[in-house]
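Residue numbers (my numbering), protein chains in the order written: chain A, 1 to 121; chain B, 122 to 856.
If you are wondering where the hints come from, they were derived from the structure by calculation, not from laboratory data.
Nothing here was measured: the structure is a model prediction, and the numbers come from that model.
Be a bit skeptical, because a hint or two may be false.
Quick list of in silico lysine-lysine cross-link-like pairs, DSSO-like style, CA-CA up to 27 Å [stated by the list, open to error]:
id, chain 1, residue 1, chain 2, residue 2
1, B, Lys197, A, Lys58
2, A, Lys72, B, Lys305
3, A, Lys96, B, Lys197
4, B, Lys575, B, Lys616
Here are a few chain B residues that face chain A, going by a calculated C-beta distance under 7 Å [as the list claims (entries may be wrong)]:
id, residue
5, Ala128
6, Phe129
7, Ser166
8, Gly169
9, Gly172
10, Glu310
11, His313
12, Leu317
13, Phe371
Residues from chain B shown here face chain A by an in silico Cβ test under 7 Å; the list is partial [what the hints assert, rightly or not]:
id, residue
14, Glu132
15, Arg162
16, His165
17, Lys168
18, Thr311
For every residue, glycine included, the Cβ atom is placed at its ideal position computed from N, Cα and C.
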Amino acid sequence: MAKRILAVDDSRTMRAMLSQALVEAGYEVDLAEDGAQGLERITEQVPNLLITDINMPKLDGFGLIEAVRGQKNLRALPILVLTTESAAELKMKARKAGASGWIVKPFEEEKLLNAIRMVVA
Amino acid sequence: MTDLRTAFFEECEELLETLSDGLASLEEGADDSETVNSIFRAVHSIKGSAGAFHLNALAEFSHIFENVLDLLREGKLSADEDLMPLLYAAGDHLSYLVEAANGGVEVEPDRAAALVADLRRTANVEGSATEEEDPDTSAEDVAAIGAFQPINLDLGLPDLGSIDTGEAPAPTGPPRYTIRFAPKDELFETGHDPVLIFRALRALGPVEATADLTEVPAFSEIEWDRPYISWTLTLQTEAGRDGIEGVFDFVSDLCDLEIVPDLPPSTAQAAEPPAGGGETPDEDGPGNVDTGDAGTAAAAPTTAAAAPSAPSAAKPAAKKPEGKAARDTIRVELERVDRLVNIVGELVISEAMLRQAMSDSAMSAHGPAANAMGQLRQLSGELQESVMAIRAQPVRGLFQRMSRIVREVTRETGKNARIVTEGEATEVDKTVIERLVDPLTHMIRNAIDHGLEKPEQREAAGKKALGTVTLSAAHRSGRVIIELRDDGAGINRPKVRELAISKGLIAAGDDLSDAEIDNLLFAPGFSTSEKVSNLSGRGVGMDVVRSEIQALGGRVSIASEWGKGTVFSISLPLTLAVLEGMIVEVAGEKIVVPTTTLRETVRASEAAMHCLGDSERVLSMRDGLVPIVDLGESLGFRGRVSDFSDQSLLLIETDTGQRTALAVDRVYDQREVVIKGLEQNYRQVPGIAAATILGDGRIALIADTDQFTSTGPGTAAASVSASGDIFDDFSDFGV
Numbered sequence: 001m002a003k004r005i006l007a008v009d010d011s012r013t014m015r016a017m018l019s020q021a022l023v024e025a026g027y028e029v030d031l032a033e034d035g036a037q038g039l040e041r042i043t044e045q046v047p048n049l050l051i052t053d054i055n056m057p058k059l060d061g062f063g064l065i066e067a068v069r070g071q072k073n074l075r076a077l078p079i080l081v082l083t084t085e086s087a088a089e090l091k092m093k094a095r096k097a098g099a100s101g102w103i104v105k106p107f108e109e110e111k112l113l114n115a116i117r118m119v120v121a
Numbered sequence: 122m123t124d125l126r127t128a129f130f131e132e133c134e135e136l137l138e139t140l141s142d143g144l145a146s147l148e149e150g151a152d153d154s155e156t157v158n159s160i161f162r163a164v165h166s167i168k169g170s171a172g173a174f175h176l177n178a179l180a181e182f183s184h185i186f187e188n189v190l191d192l193l194r195e196g197k198l199s200a201d202e203d204l205m206p207l208l209y210a211a212g213d214h215l216s217y218l219v220e221a222a223n224g225g226v227e228v229e230p231d232r233a234a235a236l237v238a239d240l241r242r243t244a245n246v247e248g249s250a251t252e253e254e255d256p257d258t259s260a261e262d263v264a265a266i267g268a269f270q271p272i273n274l275d276l277g278l279p280d281l282g283s284i285d286t287g288e289a290p291a292p293t294g295p296p297r298y299t300i301r302f303a304p305k306d307e308l309f310e311t312g313h314d315p316v317l318i319f320r321a322l323r324a325l326g327p328v329e330a331t332a333d334l335t336e337v338p339a340f341s342e343i344e345w346d347r348p349y350i351s352w353t354l355t356l357q358t359e360a361g362r363d364g365i366e367g368v369f370d371f372v373s374d375l376c377d378l379e380i381v382p383d384l385p386p387s388t389a390q391a392a393e394p395p396a397g398g399g400e401t402p403d404e405d406g407p408g409n410v411d412t413g414d415a416g417t418a419a420a421a422p423t424t425a426a427a428a429p430s431a432p433s434a435a436k437p438a439a440k441k442p443e444g445k446a447a448r449d450t451i452r453v454e455l456e457r458v459d460r461l462v463n464i465v466g467e468l469v470i471s472e473a474m475l476r477q478a479m480s481d482s483a484m485s486a487h488g489p490a491a492n493a494m495g496q497l498r499q500l501s502g503e504l505q506e507s508v509m510a511i512r513a514q515p516v517r518g519l520f521q522r523m524s525r526i527v528r529e530v531t532r533e534t535g536k537n538a539r540i541v542t543e544g545e546a547t548e549v550d551k552t553v554i555e556r557l558v559d560p561l562t563h564m565i566r567n568a569i570d571h572g573l574e575k576p577e578q579r580e581a582a583g584k585k586a587l588g589t590v591t592l593s594a595a596h597r598s599g600r601v602i603i604e605l606r607d608d609g610a611g612i613n614r615p616k617v618r619e620l621a622i623s624k625g626l627i628a629a630g631d632d633l634s635d636a637e638i639d640n641l642l643f644a645p646g647f648s649t650s651e652k653v654s655n656l657s658g659r660g661v662g663m664d665v666v667r668s669e670i671q672a673l674g675g676r677v678s679i680a681s682e683w684g685k686g687t688v689f690s691i692s693l694p695l696t697l698a699v700l701e702g703m704i705v706e707v708a709g710e711k712i713v714v715p716t717t718t719l720r721e722t723v724r725a726s727e728a729a730m731h732c733l734g735d736s737e738r739v740l741s742m743r744d745g746l747v748p749i750v751d752l753g754e755s756l757g758f759r760g761r762v763s764d765f766s767d768q769s770l771l772l773i774e775t776d777t778g779q780r781t782a783l784a785v786d787r788v789y790d791q792r793e794v795v796i797k798g799l800e801q802n803y804r805q806v807p808g809i810a811a812a813t814i815l816g817d818g819r820i821a822l823i824a825d826t827d828q829f830t831s832t833g834p835g836t837a838a839a840s841v842s843a844s845g846d847i848f849d850d851f852s853d854f855g856v
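With the hints as extra help, turn the sequences into a complete structure.
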């Protein structure tokens, strides 16, 4: 069964890029355009991995991660954060919120898939 | 990648709109966090995607811009009079960079050097914390994530202190490392699974893992998310220390980790189980665990954490890009919409044909068939409107683009001007909007460059130094009216007249009305500016502006008051696909005369006609004489009719105010016709704008009325000389 990945990003381009790369790699992809929608999608169906942007309207990435980690059954859900910065501060903040790891944009497909393999079997 | 690129630039347009909207509300005092955030996100998104397409100039500039916006977001900067111009300039430059990237234009590196310096200065002065970050993950970043805390384990290995960083010499096979890995609580709480880490290590080289189970409590006391197990692994790899650390990148702060290069494999001892609390864990059953099975072998804690966190009742097929995200809108290729528009056009024609057939066959006008026909007519009308609405877009984007132009031009000319936009929500056909960009840009440049006075002159005239350009859009009686108004000096008519004479456009003795003089601005080769400035010049005159608007089925008119300003009015059809026209007959052929220029219809027998010379005839109107053009002759259908008395005259007036009376044999009715381009199917024909198919299935040509008047009195007919056998060539026209 293909692993299911929910990618949350307010940029349509980024969603399309993620979607293309992930579908090609054999994952099943679901998309949401902000944190609130992402949370809604997770509630409907829990994915095997959540990839989320940080800066988003309505509910940002940190908020989304915190909301996910706040649910007991989602505490082990792997979460990768998309960030344009490799700044340690941002990573720390994401980590504190409960992120499993991060992907620095712009990503190469190989790096993206490697990062995913680090958190999804 | 091309599709993604296209999508990216489409999105950029939207993001730039968001940015522009945000800046405008910011300037109006909306200093709320949502406004600032939306601006920030727009720039941030552009930056993120630009990097992905290796659009470095764009990515770098967005990054610098973003730094300033970040401070604004944090409240360290306020959107005051000092900052706003900088933000606008940065927004404009960002638009330029997007356009440059899209068009593959080489960006002039110095173009924004001052701007970049300003942005950097602003970012650095206000927020000392904003440093330029290296986009690559550096070792320092990794180290900063979590303190590297080696755990002390007595392994009974030789002293390794002296070789803790360098790679051990490896006479046989790749260097070998001992890795001690003890997860902390948080490792499982953030969704990690040691098995995956081991797998990643195995990708680097052969791995052996030994689990230390000494900390595992009695089964009843096990908490599922506590890490009780630690591992000692040996790995042979060429990846080096960096490669190994890379595997632990996500968890370096979530575990105790020690990576120690071994002595060459030949001399190294097999790794012993860690001593842990000092007990030998033999009876607990530690063993060499193949990493592939670690998940099952490593007892409850790990497996629990690794289990898929919910029923993964995934759907069988992979989703299409965009998935469920787009709920309220769908994105459709324009081509598909156009196909739909065409089909609906055909439907409307078929409906008309059916209606005509019914009335020809003398069916009752009140029977059930007629009722159904009425319904069909109404439905097809609604369908047509709905389809047209798909192509309609608000003019907001276009207006925002013009706002940028205004700022650009004011910077370049040193004139003070602001732009006020009205009716941005007015919807216009997408193609019309796109094709309005160039003419409108030119008109705005003109308005500021030529229309507005210099600040000193304005003050001397008792006006505010800041000039205002107003751009408005509105729907008015089935058309879209776009007005460009400036509060400048107005048209200097004596000067325009003088110039027109010197350029040979008019004779010195010509008596011209104010409107006629104003319209000279649209004459080919006319430019009121003494020297063609590089701004509004650009080798394009207002004549091109007018012809571009006319090509859209539009009209442009001008009104000006000396000392008060000038207004350009553009009137456009709502759609390019249908046209309101008067059906007339000439020499047995049906012709459609667009109602946009039609002023009046008169029966020749009731009109006052006069002869001029041998052949010229004119119509005497209340306010002057209007030349009569025989449409049948002009189009080459037949020779001139000698007697106009049975004819009808259509008085047409172009937006330059020139009038002509077209003589036709018969006037039928006024109706909407679906425009069929001639060029794609035949070729361009003088005097003919396009064609349509009427209810009876016959082709009717749509007259290009401007061509009958544009050459002025007397020569109108001569300029139009279509070949008489035009209809003979229509065998391949699709009917």
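Q) Would the stated hint for Glu132 (chain B) survive a check requiring a Cβ distance to chain A of less than 7 Å? A) holds, 5 Å
Q) At a threshold of 7 Å, is the proposed contact between Phe371 (chain B) and chain A supported by beta-carbon distances? A) holds, 3 Å
Q. Taken at face value, is the distance from the CA of Lys305 (chain B) to the CA of Lys72 (chain A) at most 27 Å?
A. holds, 19 Å
Q) If you take the shortest Cβ to Cβ gap from Glu310 (chain B) to chain A, is it below 7 Å? A) OK, holds: Glu310 (chain B) within 7 Å of chain A, min 6 Å.
Q | chain A contact restraint on Phe129 (chain B) - CB to CB distance below 7 Å | A | holds, 4 Å
Q) Close enough to count: is the Cβ of Thr311 (chain B) nearer than 7 Å to one in chain A? A) Holds, because the Cβ-Cβ distance from Thr311 (chain B) to chain A comes to roughly 5 Å (cut-off 7 Å).
**Q.** chain A contact restraint on Gly172 (chain B) - CB to CB distance below 7 Å
**A.** holds, 4 Å
Q: May I ask you to test the interface hint for Ala128 (chain B) with respect to chain A, counting a Cβ-Cβ separation under 7 Å as satisfied?
A: holds, 5 Å
Q | Closest C-beta approach of Gly169 (chain B) to chain A relative to 7 Å, hint status | A | holds, 5 Å
**Q.** Hint validity - Lys168 (chain B) Cβ closer than 7 Å to any chain A Cβ
**A.** Since chain A brings a Cβ to about 6 Å from Lys168 (chain B), closer than 7 Å, the hint holds.
Q: For the pair supplied as a hint, Lys575 (chain B) and Lys616 (chain B), confirm whether the alpha-carbon distance does not exceed 27 Å.
A: holds, 18 Å
Q) Per the CB criterion, is Arg162 (chain B) less than 7 Å away from chain A? A) holds, 5 Å
Checked against the numbered hints above, the structure breaks none of them.
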